[in-house]
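S.K.: Here's the letter readout for the chains.
There are 2 protein chains.
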Amino acid sequence: MKQFDVIVVGAGHAGCEAALAASRMGCETLLLNINLDSIALMSCNPAIGGLAKGQLVKEIDALGGEMGRVADRTAVHFRILNASKGPAVQSSRVQCDKQLYRLTMKSIVERQPRLHLHQTLIDRLLIEDGRVTGVVDHTGVCYGARAVVITPGTFLNGLIHVGTAHYSAGRAGEMASLPLAQCLCDLGFEMGRMKTGTPPRLKASTIDFSRLERQDSDPAFEPFSLSTERLGENRLPSYFGYTTSETHRLIRENIQCSPLYSGAIKGVSARYCPSLEDKVMRFADRGHHPVVLELEGLDTEEVYAKGLGNSLPLDLQEQIVHSVPGLEEAEIMRSAYAIEYDFVQPTQLHHTLETKKIRGLYLAGQINGTSGYEEAAAQGMWAGINAALAVQGRPPFVLDRSEAYMGVLIDDLVTQGVDEPYRMFTSRAEYRLILREDNAALRLTPRGFELGLIPPEHFGRISDRIQRISKGIKRLSSLRIYPGADVNSKLEKKGSPAIKNPLSLFQLLKRTDFSWEDLDLFRDVPDFPEDVFADSDRHVRKQIEIEAKYEGYISRQREAVARMKNLESRRIPEGFDYSAVPGLSNELKMKLSRIEPETLGQARRITGMTQAALAAVLIMIKKRE
Amino acid sequence: MKQFDVIVVGAGHAGCEAALAASRMGCETLLLNINLDSIALMSCNPAIGGLAKGQLVKEIDALGGEMGRVADRTAVHFRILNASKGPAVQSSRVQCDKQLYRLTMKSIVERQPRLHLHQTLIDRLLIEDGRVTGVVDHTGVCYGARAVVITPGTFLNGLIHVGTAHYSAGRAGEMASLPLAQCLCDLGFEMGRMKTGTPPRLKASTIDFSRLERQDSDPAFEPFSLSTERLGENRLPSYFGYTTSETHRLIRENIQCSPLYSGAIKGVSARYCPSLEDKVMRFADRGHHPVVLELEGLDTEEVYAKGLGNSLPLDLQEQIVHSVPGLEEAEIMRSAYAIEYDFVQPTQLHHTLETKKIRGLYLAGQINGTSGYEEAAAQGMWAGINAALAVQGRPPFVLDRSEAYMGVLIDDLVTQGVDEPYRMFTSRAEYRLILREDNAALRLTPRGFELGLIPPEHFGRISDRIQRISKGIKRLSSLRIYPGADVNSKLEKKGSPAIKNPLSLFQLLKRTDFSWEDLDLFRDVPDFPEDVFADSDRHVRKQIEIEAKYEGYISRQREAVARMKNLESRRIPEGFDYSAVPGLSNELKMKLSRIEPETLGQARRITGMTQAALAAVLIMIKKRE
Ligand SMILES: Cc1cc2nc3c(=O)[nH]c(=O)nc-3n(C[C@H](O)[C@H](O)[C@H](O)COP(=O)(O)OP(=O)(O)OC[C@H]3O[C@@H](n4cnc5c(N)ncnc54)[C@H](O)[C@@H]3O)c2cc1C
Ligand SMILES: Cc1cc2nc3c(=O)[nH]c(=O)nc-3n(C[C@H](O)[C@H](O)[C@H](O)COP(=O)(O)OP(=O)(O)OC[C@H]3O[C@@H](n4cnc5c(N)ncnc54)[C@H](O)[C@@H]3O)c2cc1C
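Which chain is which? The protein sequence lines are Y and R, in order.
The opening position of the first sequence corresponds to residue 0 in numbering that gives the first Met the number 0, with each subsequent residue numbered one higher.
The opening position of the second sequence corresponds to residue 0 in numbering that gives the first Met the number 0, with each subsequent residue numbered one higher.
Keep in mind the hints are simulated off the structure, nothing from the lab.
Everything numeric in this text was worked out from a predicted model, so none of it was measured.
Don't take each hint at face value.
Listed below are the simulated SDA-like cross-link pairs for lysine to any residue, each with C-alpha atoms no more than 25 Å apart in a straight line [said to hold, decoys possible]:
no. : chain 1 : residue 1 : chain 2 : residue 2
1   : Y       : 265       : R       : 138
2   : R       : 202       : Y       : 113
3   : Y       : 305       : Y       : 318
4   : Y       : 1         : Y       : 85
5   : Y       : 1         : R       : 621
6   : R       : 470       : R       : 491
7   : Y       : 473       : Y       : 422
8   : R       : 1         : Y       : 25
9   : R       : 590       : R       : 545
10  : R       : 202       : Y       : 25
11  : Y       : 202       : R       : 578
12  : Y       : 355       : Y       : 202
13  : R       : 564       : R       : 437
14  : Y       : 202       : R       : 202
15  : R       : 1         : Y       : 425
16  : Y       : 202       : R       : 140
17  : R       : 590       : R       : 578
These stretches of chain Y come out as covered by chain R in the derived footprint (C-beta under 8 Å, 3 or more residues) [to be verified]:
no. : region
18  : 101 to 112
19  : 116 to 122
20  : 171 to 184
21  : 245 to 257
22  : 294 to 301
23  : 454 to 461
24  : 474 to 488
If you only want the chain Y side, here are some residues facing chain R, beta carbon under 7 Å, derived [to be verified]:
no. : residue
25  : 86
26  : 192
27  : 313
28  : 315
We put the beta carbon where it would ideally sit given N, CA and C, even for glycine.
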């Protein structure tokens, strides 16, 4: 049996990041996928990023992951979402050439030293004394490892539904993974069933684009990755349209044909991402719903029809498509479908994504009840890092909720579990003002460097940047301007109120009507920090301005973090006996015993937990110490 | 039920050409494939062309097919095989970027007007009164058509073997097509089982290329397609190595692990394309066998290891790979495997590739017991053309054995049937001197034009070329040079014997030591055909020279063709009663009744047919007339 340090099962978005992280950290890593031609395939829309997801991608990049870089290299359409709002809720989103994305990620994975790639289907795990020791493929070949990361996406017992028909598949046209699902079930994991869906793919030449609203790329777009020097030149537009009352009539009158409504689908679907059936049935008052058409690549006719996701029979799908202005003649190249699959309730995981039941076994991606490429990649990277650290006998890597969206994601999963497919939202991050896209590198690149995921030169650039930012803030804070006709007339010219007391340049920057460029007015002030103002790194200039503008909010949030950390860091001893805590409801006792929170902070976030219960636990801990 | 003129099931090499031909001829054509991401995937080596196969590709191109054009566009390595031999046995072969080939063919298929592409798995046929009326997919969706072409490759009941393990699959990592196989069987088709295999894919970075012999592309390469103006710039080398006595020991000592020798594989494999097990066991005296490494693309580490095809267990595969100098450390990215699949005995087909049993149903590609992309594409195009002609009520399209390798291929299949996977060889073509790569367009482009497959401009260029060639031959034949000191000293300088009698320039060109360029010597002769000599079209110059050099052979072969045509063209009446022919063996009577040859020529080529039997049939036909 061949031995590896880490084995990753599944080379989707989670699996690729997991294997890259582990091998970059020095582990001999084996990455296995059913078919090498489906590595990093985008199952649904050809897009990376989006609200809160953009933050995840920048965090993955800041730690030394690959998703952002590949997205930059293969993107054909760029948007900054919430561009008019504050930096905390701004997110980047790109559409990629789907095939190019897949092939680019494949070639990166292929070229990574210590990463061994092999095509096969894994059927079960090898376990000895509660510890995973390897995996077995469908032909009986065994591979040994000290840690195993499982990332099978929607393939575990995948069952596709189109109308009343259903069949076993991992994705349309791909085989499901049945024995591995059974193996996890046999090991005693609590599993559940979820459902997701994908819209039809239409043929570009059969669409009347003139009847749709064209949207072009944003011209100014900050790449996801700090290592991307220049974005590619290729651009594709996307197109907007709307469903009609005819669309809605078709759905209402045929709703019994939908497996979602006939009871055929048992898996739970995401409320926040309803199928077209759901939208029409649940929001009966809405006269139309948006449809967005995204071309899947530079050299293909396939068009992703966002908003038309459903699981109705093909003939109805066609009528529905045709009821949208501009799509009267559109041909369906791939049908929409719904897929049900098994997931593992993630409360059975430590914060490292290692399972509590089986040492050395990590789960990441859709298997943990999440949805989305970015959520999968973030977990994959996290699990890969922790698998490598465990193999190397180093302490685990965990980011908390104040450090990264990744920390929020993992903490939500392992603490609260999931009752519907989980995706990231900015609203889930209570400290979102400090978890911005723009400061991801400042927050996380030093961590990535410690882990061995960031090359020293790159880290040097980032730490230099961090120093220049704090030095810049200091210099701008120490240089004051004084009330006087000259100063105030300059301010007036910019439409900014006159000053009555001396004010530092940094304080001036807080004004919403005063921008970085406006500092130019005061370059004649003695000791003006010319080098800060003209810093060649736009990130330095931007960071100082954001820190100034949002300083009030940011510092309040930093205080909240400090308070939280106090509680958060209070560890609950292993094997803590909740049954002995007076005043806890039986339900809470059971829940806490099952989830085994590692800290009081984690305990606090368990649904049903009250302040009183928390206090009771804290008292008991103190008593026992 | 949606109605089409022609439906093609399977978008492999046969299916793509079939659908392109039918739609280009004006038919509304539906092309269906299990997964749109596997259209035109190369199951085995990333190469197009080769001995006799290069001829097929040029013929496909000459008729207006796509394989040659896509190969030209995506090729990274070019060879002219048998370059030192006569033009009749010279063949072109290229290695392509496998993913680029697939994506390029997909985008051509997508952009073809009247060609409708949809992803689905077809389970059965709709039949009414002995005629096919449509197909049904695995979710129960029906599609109607007036003709159906089935091209499912190795997917019918595909069963993969690796060592003692075996599992259902159409190719590694892809699902098999089971119900369609059952459907054909239920319809009463005589089916059989064949076997093919593929070598492992190795990781480039783990190969020590310095220990292998490098082969670069031939600098001078004629594109497959006449519409290719310039070949791409990208080039990849290939590498040669050899198996060792250690390789052979490993195989001999573990031969019981091979499903080929354990009896697990029942399908018939091709004798001419033995697996490594076969080579070692059957040619025990050979100390080593060649291994050729072909990179699968510009941006991938996957390397095709030709010569190492086997179906041994993975651990043995690894030892075998490592026993080849240069591959000591090589990693296997995809295992070698053997696959068994169902085929339909092609004697059940007319020369149009329509089944005799079910009208409107055509079979093409691997399903007819052939092997190879080119053989599949040729049949696909042929079936697509005939399906379209039938739908349009036009007479069928059949090329005979003297017109094209395609004619040889189809005639061999429907007349002789197959008892092992059939591939094309130059030796199968008795008229190979006139079926050259270089004259494919002259032979077939007028036919392609008649069919509506060749755009008028392109046809104009070709017919102009044909005229210029015959005019050129005439002019060179009529211009003589006369014995004399001046002429003979010129000839001597070129090392060509002096002349004693007047000789035309065309006759001079027959000399092996006298090339086209040498005509330059006689440009001062009055009336020298300057325009012919300096024709800007290199094909014109080359054709005239070949016609001169091989005129003797060629004209003898043309006479043989004429004689053959006489017999060939003698039709056997439909429903001819062989039991009434005196002197025929019972076996022959049964065979002839089953195969129902359409002409005496076809009858002649049935295995077991004698001259006497043929004469008996001919007499009976004459008697009945
Ligand atoms: C139909 C459909 C619709 C979706 N719609 C949305 C959507 O609207 N919004 C959204 O955010 N997300 C959507 N998703 C989810 C998104 O695709 C996933 O969240 C994301 O791809 C998960 O990444 P992953 O790495 O966990 O799994 P995947 O990307 O699915 O990768 C899993 C990989 O594991 C391999 N594998 C599986 N089992 C085995 C095994 N036993 N042995 C070896 N290899 C194995 C597979 O071949 C595959 O390559 C959809 C997914 C599907 C299938
Ligand atoms: C493992 C392996 C090794 C091979 N080795 C060699 C070799 O050494 N030399 C050689 O010359 N040839 C080899 N071949 C054969 C070569 O790949 C085939 O001859 C060629 O690809 C046949 O072309 P085709 O169009 O008939 O089928 P394919 O190219 O196989 O295409 C068939 C297509 O049909 C689709 N399909 C199947 N069933 C259905 C259905 N029910 N509904 C919808 N779509 C369907 C499939 O998805 C596929 O795209 C090998 C093939 C395999 C699989």
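S.K.: Tell me, which hint numbers fail for this structure?
M.R.: Per hint list: 4, 5, 6, 7, 8, 9, 11, 12, 14, 15, 21, 23, 24, 25, 26 and 28 violated.
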